[in-house]
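**Q** Sequence order for the protein chains is A and B. Numbering follows the working numbering, with no gaps: position 40 of the first sequence is 161. Numbering follows the working numbering, with no gaps: position 72 of the second sequence is 177.
Don't read these hints as lab results, they were simulated from the structure. One or more of the hints may lead you astray.
As the list claims (entries may be wrong) - Calculated lysine-lysine pairs in the BS3-like style (CA-CA distance at most 27 Å, straight line):
id, chain 1, residue 1, chain 2, residue 2
1, B, K131, B, K220
2, B, K391, B, K420
3, B, K287, B, K337
4, A, K174, B, K287
5, A, K174, B, K305
6, A, K169, B, K287
7, B, K220, A, K174
8, B, K404, B, K337
As the structure is a computational prediction, the values presented were derived from the model and not from experiment.
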Amino acid sequence: MSKTEFPPSITSRPVYGELEARSGSGHLMIADAEGAEAILDLAKSADKDFWAKAHIIYIPKKTGTKYSSQLEELGAGQYYAGPSYEAAQSRIRRALQDCHMGTQVYLSGTESLMGQAMAEATAAGIPHTAIQTEHRGSTARRMQCVHCKGITEDVTTDPFECSHCGLSLFVRDHYSRRLAAFQGVRVDAEDPGNIPEKVELFK
Amino acid sequence: MSAGTAKLNVTVAEVKPINDLVTRFKFVRTGGGDLPTFSGGAHTVVEMQDGDITRLNAYSLMSNPADRGAYTISVRRDDQGRGGSRFMHSQVKEGMEMVISNPVNLFSLDLRAKKHLMLAGGIGITPFMAQMHQLSMMGGNFELHYSVRTASLGTYAKELAERYPGKVHIYHDDQKEAIDLKTLLANQPLGTHVYVCGPKGMINWVHSTAGEMGWPREAVHSEEFLAPASGKPFEVKCAVSNKIVQVGEHQSLLEALEAAGIDAPYLCRGGACGQCETNVIGYDGKFLHYDHWLTDEQKAGGKHIMPCVSRFEGKTLVLDR
Chain A
122 MSKTEFPPSI
132 TSRPVYGELE
142 ARSGSGHLMI
152 ADAEGAEAIL
162 DLAKSADKDF
172 WAKAHIIYIP
182 KKTGTKYSSQ
192 LEELGAGQYY
202 AGPSYEAAQS
212 RIRRALQDCH
222 MGTQVYLSGT
232 ESLMGQAMAE
242 ATAAGIPHTA
252 IQTEHRGSTA
262 RRMQCVHCKG
272 ITEDVTTDPF
282 ECSHCGLSLF
292 VRDHYSRRLA
302 AFQGVRVDAE
312 DPGNIPEKVE
322 LFK
Chain B
106 MSAGTAKLNV
116 TVAEVKPIND
126 LVTRFKFVRT
136 GGGDLPTFSG
146 GAHTVVEMQD
156 GDITRLNAYS
166 LMSNPADRGA
176 YTISVRRDDQ
186 GRGGSRFMHS
196 QVKEGMEMVI
206 SNPVNLFSLD
216 LRAKKHLMLA
226 GGIGITPFMA
236 QMHQLSMMGG
246 NFELHYSVRT
256 ASLGTYAKEL
266 AERYPGKVHI
276 YHDDQKEAID
286 LKTLLANQPL
296 GTHVYVCGPK
306 GMINWVHSTA
316 GEMGWPREAV
326 HSEEFLAPAS
336 GKPFEVKCAV
346 SNKIVQVGEH
356 QSLLEALEAA
366 GIDAPYLCRG
376 GACGQCETNV
386 IGYDGKFLHY
396 DHWLTDEQKA
406 GGKHIMPCVS
416 RFEGKTLVLD
426 R
């Protein structure tokens with residue numbers, strides 16, 4: 122899947138752009154799965170000396186080794202591939218701790234990855250408007266149950282069952298930058314038991 | 106009419122020459138009582154009755170924002186200027202009653218910053234003095250780099266270095282000292298915001314260098330008050346009030362509107378805040394846009410003008426006032 126088009130929505134819903142190489146003292150690139158394609162596309166126009174200052178943190182997920190060797194061949198100063206966002210998180214935090222103002226942050230792939238990495242980068246002091254993002258791959262959502270506060274990853278249907286408390290939740294476009302999650306609200310709150318059929322909205 | 110709403114009646118409590126060019130003024134509330142609170146970086150617009158002319162100049166408040174007993178400003182005398190600073194230096198005496206605006210802040214600290222890097226040139230030091238008071242009370246992390254012409258013209262340089270040991274760096278032009286901006290910007294921890302107040306060249310230098318080095322625009326703050334430029338006299342038709350107003354050589358369009366009794370909005374009077382933006386109904390001639398507010402597109406579009414600093418040359422100008 123290439124550049125994703127999302128239907129117009131409320132202002133809370135994040136929008137994404139296209140990555141472009143910008144001048145900076147360093148380049149921290151965090152991607153998952155098909156997000157690698159955005160970095161490879163950027164590589165077509167980036168200067169050669171761009172990569173010496175780059176640090177790529179990549180989580181292949183289901184794409185396995187499809188992109189990892191191409192990413193590695195870009196010759197980034199540091200390249201890391203890991204099994205999950207959770208596994209990469211301490212590395213992301215450390216990378217942000219070590220870099221200085223002027224470092225550019227590039228995020229690509231799923232909304233879950235971009236949202237969580239965005240929260241880390243803003244907490245480290247980068248204004249969110251200065252962080253580049255590009256959506257690639259799955260549109261599955263990271264959802265927070267507003268009732269039990271549990272997070273359910275990779276939600277593809279509406280409604281869906283909260284993986285923590287089991288309630289059937291309606292998928293909203295209402296998004297929290299702090300939690301990096303969309304909000305899920307009990308679908309049968311007014312009429313308990315009346316749960317509409319699941320529709321696969323996200324892939 | 107200022108959007109800063111109510112005015113404050115104040116009495117000059119102290120007039121203190123600091124060096125050959127700069128004099129400090131202290132205002133207390135006439136009749137006693139507290140002044141409104143403000144935040145570091147705020148300015149006040151001082152009204153000066155200079156004969157028939159009312160001059161309105163914005164000056165940064167430099168006193169401790171926590172001290173509501175008095176406001177202090179420092180005024181650098183500009184002998185080539187339009188006369189406001191000369192009036193302050195020559196006419197304002199202790200005990201005199203004056204009118205100033207409520208404080209307005211167009212250069213506030215971004216308190217999300219993990220560190221505040223302040224770059225001052227000359228009299229541009231004043232807003233930072235209030236900000237440093239504010240930050241030191243909050244335990245905030247800051248660093249000042251202050252460029253002065255000579256030690257004797259280094260307004261408050263010595264006292265700041267004593268007040269904030271280790272945080273204040275002074276650069277003397279006459280000793281060929283200069284801020285090493287690239288090195289300074291390259292070594293700032295993530296979450297640093299940079300603030301610059303000084304001459305136009307310095308402000309542009311900081312914006313362009315930071316931009317080239319990849320600093321986010323949101324992390325670079327500046328304040329420069331423009332004095333309205335003089336220029337050829339021109340005439341303006343005001344469609345709403347149905348008046349024809351003559352703008353003099355050394356008068357701003359805003360001042361001319363005010364002199365004609367037209368209630369035009371303003372705040373900073375220096376091309377920075379956007380409050381006085383006025384719609385142009387028609388024109389035949391060319392605009393001389395001097396403000397920092399309108400985008401280049403708007404400046405080219407001929408539909409807007411900032412009367413506080415910008416001028417016009419040509420046959421006719423019709424404004425929505």
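**Q** For every hint, state whether the structure bears it out.
**A** Hint-by-hint comparison with the structure:
no. : hint               : verdict
1   : B:K131 with B:K220 : violated (30 Å)
2   : B:K391 with B:K420 : holds (9 Å)
3   : B:K287 with B:K337 : violated (41 Å)
4   : A:K174 with B:K287 : holds (17 Å)
5   : A:K174 with B:K305 : violated (33 Å)
6   : A:K169 with B:K287 : holds (23 Å)
7   : B:K220 with A:K174 : holds (24 Å)
8   : B:K404 with B:K337 : holds (19 Å)
Of the numbered hints listed earlier, those contradicted by the structure are 1, 3, 5.
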